[in-house]
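So the chains spell out like this:
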Amino acid sequence: MSLEALIAILGMAAVTFAIRAGGLLLANRLPTTGFVASWMKHVPGAVLAALVAPAILAGGAAEGIAAAVTALVYLVSRNLFAAMLSGVLAVYLARLALGA
Amino acid sequence: MHAPAPHSGPAQFWLGVRMFLPVAVSIAAYGVVWGVLAGQAGLSVLEVALMSGLVFAGASQFVALDMWTPGNLPVLSIVIAAGIVNLRMLLMSATLRPLVGHLSLPRQLGAMFFVSDEQWAMTMAEVRKGTGSVAFLIGTGVLSWFAWMSSTLCGRVLGAFIDDPTRYGLDFAFTATFLALLLGMWRGRGDLVPWIIGALAAILTSKLIEGNWYIIVGGLVGSFAGALAETIRERRHVA
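Note that the protein sequences, when read in sequence, are chains A and B.
Those letters in the first sequence? Residues 49 to 148, by our numbering.
Those letters in the second sequence? Residues 643 to 881, by our numbering.
If we strip away everything but chain A, and leave its shape as in the complex, we get (with noise of 0.2 Å):
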């Protein structure tokens, strides 16, 4: 394992074990509702929207098609592997398909 792959995951590790301890420290100074608390609340979505966004972007006709399948058999089927699997197969396909 290289030093910079030991540093990110422990710097990783520091950083989440801060907030988890952080949030017990500072429990009476912490909003439960309000702006800040909202702000926080909606990270996770608004980051996962941000890497999927360019991603798919970039991405070819091929991509594009794999995008709408595998959110329609995640929405359908409600279970994350049958999503990948899906999407996978649906590129694979769509490459040989359009030559890509």
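Hints should not be assumed to be uniformly reliable.
Which stretches of chain A does chain B cover? Using the computed rule of at least three CB atoms under 8 Å from a CB of chain B, they are [unchecked claim]:
| no. | stretch |
| --- | --- |
| 1 | 49-63 |
| 2 | 77-88 |
| 3 | 94-105 |
| 4 | 113-127 |
These aren't lab readings, by the way, just hints derived from the structure by calculation.
These numbers come from a predicted model, not from an experiment.
Quick reminder that beta carbons are idealized off the backbone N, C-alpha and C, glycines included.
Knowing the structure of chain A, use the given hints to seat chain B on it.
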């Protein structure tokens, strides 16, 4: 011979384990997916074990994989992104203070290590019924940790049998997984604004700034917009 009293420590611990079992199965399914993707991103088995064991926070670990480029790791942005994605835990552990407040500080902090979305939600539901306890919190946490640790390692080992990911379209597994994770987070129309603004901000940033900063910028701007929209809606509701 008496069975342990229902409010004793060991009984509460095992009640937590039993009640959490179905959730642990679904955590393990996510864990296998993460492990496979971790192998593709170039994490070794040891790195997977360290990250799952010490960070123990699924969403931030998924984001880290997307930024993972061995040989030239953007260490700072990986750590900042983990902090931003996990910021919500600040509110979760804050609400656990009444439950653990009577313990010594090292024990309180030890209990906080396990705080995660599903485990916190189930413990709080018990607390609202008036039956939650520290032992219950630890029971669900320990099971959750073992489920995450073993399933991510499993996925990493299984994924090693796939040789050339792009040939089978497996490079798309990242996007597909993130898209499905995102859809799973849908709680109602209030999510529309942060998602759309987050996506647009990320697209714009990725065109303007080198590197992975678009993830952090999109996440912060999108969630800010979501909170703004929510606050405006509530004001109107009151007025």
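Hint-by-hint comparison with the structure:
1. 49-63: Satisfied; 13 residues make the cut.
2. 77-88: holds (count 9)
3. 94-105: holds (count 12)
4. 113-127: With 8 residues in contact (Cβ-Cβ under 8 Å with chain B), the coverage given for the stretch 113-127 of chain A holds.
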